[in-house]
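Sequences and hints are given; from them, build the entire structure.
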Amino acid sequence: MNKIRLIFIRECSVRLRKRSYILMSILGPLLLAAIVVIPLLLKKIDKNTVKQVAIIDETYILGETIKNFENYRFTIIQDTTLEDFRKHYKASGYDAVVFIPKNIYSSNACIIYSHVWIDNALKAYIGYVLRRDLEYMALLKEKVTIETIKRVSTPVFVGVQKWTKEGEYIDEEISMTKKSNIAMIAAIIIYLFVFMYGVMVLRGVIEEKTGRVVEILVSSVKPFQLMAGKIIGIGTVGLIQFIVWIVLTFSIVYGAQVVLFPETYTPTPLPELQDSLGNNNHSLLQLQSDTNVDYAINLFQSIDGVNWTIMLSSFVFFFIFGYLLYASLFAAIGAFIDNDSETQQFVIPVTIPLMLTLFLLGNIVANPSGDIALWLSFIPFTSPIAMMARLPFGVPYWHILLSACILILTCLISIILSAKLYRTGILLYGKKIRLQTIISILMKN
Amino acid sequence: MTGISIQNITKRFSHTVALNSVSLEIPQGSIYGLLGPNGAGKTTCIRILTQILQPDSGTITLYNKNLEPDDITKFGYLPEERGLYKQMYVGEQIMYFASLKGMSKIEAKQECNFWLQKFNIEQWKHKKAGELSKGMQQKIQFICAIIHKPEILILDEPFSGFDPINADIIKQEILQLKKLGTTIILSTHNMNSVEELCDSIALINASEKIIEGSVSAIKKQFAKNIYSITFSGYYDKFLATLTTSYKILEQIQNNGETTILIELTEEIPTNNLLTHIMTCGNIIDFSQIIPNMHDIFIDVVKNSQSTKLHE
Chain A
1 MNKIRLIFIR
11 ECSVRLRKRS
21 YILMSILGPL
31 LLAAIVVIPL
41 LLKKIDKNTV
51 KQVAIIDETY
61 ILGETIKNFE
71 NYRFTIIQDT
81 TLEDFRKHYK
91 ASGYDAVVFI
101 PKNIYSSNAC
111 IIYSHVWIDN
121 ALKAYIGYVL
131 RRDLEYMALL
141 KEKVTIETIK
151 RVSTPVFVGV
161 QKWTKEGEYI
171 DEEISMTKKS
181 NIAMIAAIII
191 YLFVFMYGVM
201 VLRGVIEEKT
211 GRVVEILVSS
221 VKPFQLMAGK
231 IIGIGTVGLI
241 QFIVWIVLTF
251 SIVYGAQVVL
261 FPETYTPTPL
271 PELQDSLGNN
281 NHSLLQLQSD
291 TNVDYAINLF
301 QSIDGVNWTI
311 MLSSFVFFFI
321 FGYLLYASLF
331 AAIGAFIDND
341 SETQQFVIPV
351 TIPLMLTLFL
361 LGNIVANPSG
371 DIALWLSFIP
381 FTSPIAMMAR
391 LPFGVPYWHI
401 LLSACILILT
411 CLISIILSAK
421 LYRTGILLYG
431 KKIRLQTIIS
441 ILMKN
Chain B
1 MTGISIQNIT
11 KRFSHTVALN
21 SVSLEIPQGS
31 IYGLLGPNGA
41 GKTTCIRILT
51 QILQPDSGTI
61 TLYNKNLEPD
71 DITKFGYLPE
81 ERGLYKQMYV
91 GEQIMYFASL
101 KGMSKIEAKQ
111 ECNFWLQKFN
121 IEQWKHKKAG
131 ELSKGMQQKI
141 QFICAIIHKP
151 EILILDEPFS
161 GFDPINADII
171 KQEILQLKKL
181 GTTIILSTHN
191 MNSVEELCDS
201 IALINASEKI
211 IEGSVSAIKK
221 QFAKNIYSIT
231 FSGYYDKFLA
241 TLTTSYKILE
251 QIQNNGETTI
261 LIELTEEIPT
271 NNLLTHIMTC
281 GNIIDFSQII
291 PNMHDIFIDV
301 VKNSQSTKLH
311 E
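Chains as they are written, first to last, in the working numbering: chain A, 1 to 445; chain B, 1 to 311.
No lab work stands behind these hints, which were simulated from the structure alone.
Only a predicted model underlies this, so the values are computations on that prediction, with no experimental measurement involved.
Where is the CB? At the ideal position from N, CA and C, for every residue including glycine.
There could be a bad hint or two in this list.
Unchecked claim - With a Cα cut of at most 20 Å, we get these calculated EDC-like pairs of lysine to aspartate or glutamate: (1) A:K3 <-> B:D71; (2) B:K128 <-> A:E207; (3) A:K222 <-> B:E68; (4) A:K444 <-> B:D56; (5) A:K431 <-> B:E81; (6) B:K134 <-> A:E207; (7) A:K222 <-> B:E81.
Said to hold, decoys possible - Restraint-style ranges between C-beta atoms, simulated for each label pair: (8) B:F13 <-> A:D340: 22 to 30 Å; (9) A:I26 <-> B:Q54: 45 to 53 Å; (10) A:G211 <-> B:E122: 22 to 30 Å; (11) A:S251 <-> B:K118: 46 to 54 Å; (12) A:G211 <-> B:F13: 20 to 28 Å; (13) A:V258 <-> B:H126: 41 to 49 Å; (14) B:G39 <-> A:G362: 51 to 59 Å; (15) A:I26 <-> B:Q176: 50 to 58 Å.
Set out below in structure tokens:
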């Protein structure tokens, strides 16, 4: 144990002092914060920029019923054709033109022409207004009065309120979108750290092997002690960096929120908010607020309301065991590599389950109780990412426990087998890795 | 007194036999040369001694007790393929290896300073190993192997990479360690250093031990009945009276003196030869030609290979 401690201390002290490590610890949060803040900033700038949209309506259906929407200002252009407008488009100063053709009653389609990016919100708004007006027109044709139409036209909000199996309200403050954000972020962080620090173990093993230090080391310590010290050391360095990243990122984002986006900063204490909402109209208010709140701004608000105890403890658990599983595999592989250039070809096959889970992250988040999500959260090579992606949506405790048990068991088996391979591999030079060799090593010991 | 006794050690790797029932007796406090051509099994033998590998069969005893995992701290090892952490400072590196051998931090620091001073390389203490030349790194590696005052020191090609001056410094240190009672196992292809340093040797070829014993005994064992005689007198008379018991291999005449290399083809006392020469002139020099380790090495390995071929 003392020797593992010594190796652990060396691994930590060498890596913690590395300039690249310090630099990444500072730059990482800055980059992460930039990923969140810059789109918001651009969005804010964009929102303040008024865009002029011309409407060429061959049917005169829209009339005055279209109102300005967000930063879009609409102007109906009369007595012109699309072709004439196109010729004088540059001089007109408009950013876009909505062309409503005569045949809209049969084609149900209109086109927006523009030299700038047209966001979905504008398309949705135009679609909504046209659909409404076309329906009005159709109903008027059927002799239905405007008053009647207005009276019967009832917008319906469909809300989701989660209950327990016993029918008790679960105090949930966040929407599916917000949960998806948390799920995505947690899963990506797990992926990043398992991958980054797993590969760091691999490189550490290769460094000792190609640097020919390993033979001196294993004459003083058992290969298992060397492997364990290295894995724990690098894991700790990773965990420290992770904590630094989280603290710094949230501090920067929080700071940016207060300074740059004061309108999104609502320091209302949670209990007061709950009181004001009550239980019965919970979903509706939630939904209404969702429909009005901008998606990107949601990122800031999405940190409230999740069961953070389960979330954080699971995160630490899946982070540690996911890392241990992959780090032990990487250590075993690294022991057989004596040339840096061979590294990549061995890294990819090992990380395929991780990457596959990352590709399927969208599916998991979209249907966290579905078969794909369920199976991936039980398979130990994918569960650290998949389970983290499921957790914000609420997962039965037995699912978490079963997944954790399978992961722990696989981890132990992986460490035992990897230690066997590591012990032999670190002393082999210039030999090609064959499956037969690996099997014979595993069978022999 | 036997320090390490290796009894019938066998080690296989897949279908290759690396050591085939090898037994060695390494006297305590001596310098023991482990010789053999490349791929003979020396490194496997050393790795078994340092407990890096476990033998498939056979036993190893240290001071008449079975070798235990805890004995690892009694060994110092300088492997042939050696390296240092390039990004680690020299002082830190030496102390790290010392601590892995069970030394306390204070003790390791003292010894580290002592050896750096002794080799006059204190200024390297705060340099990264990657900044040092190969020879400089070799010195650091040597310190790492001996810093914990091992009872048994295994040196695999310790002089490779050293210039003659530094090789001599290391040679003197090895002799000094022997004086202090350290048992030293020296694996090398440099036969001059074997002659200079080793008290006894073992020669391994093709996974098997071929010979073992003290250097002087082995030399005597391989000495042929060839003598070098320098005398002044009547060489023609000497030739005329030569019997079939003798065979002249070489003769040089210079300023009335004749030097001959003569082989005794029959087991006859050397006194008979001397008596015969004395009748032909005055004997100036008479000595037996003893083969050097280089010749013995080549001779034994070639013989062993041809015997295997015939089998």
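Out of the numbered hints, which ones does the structure contradict?
-> When the structure is compared with the hints, none of them turns out to be violated.
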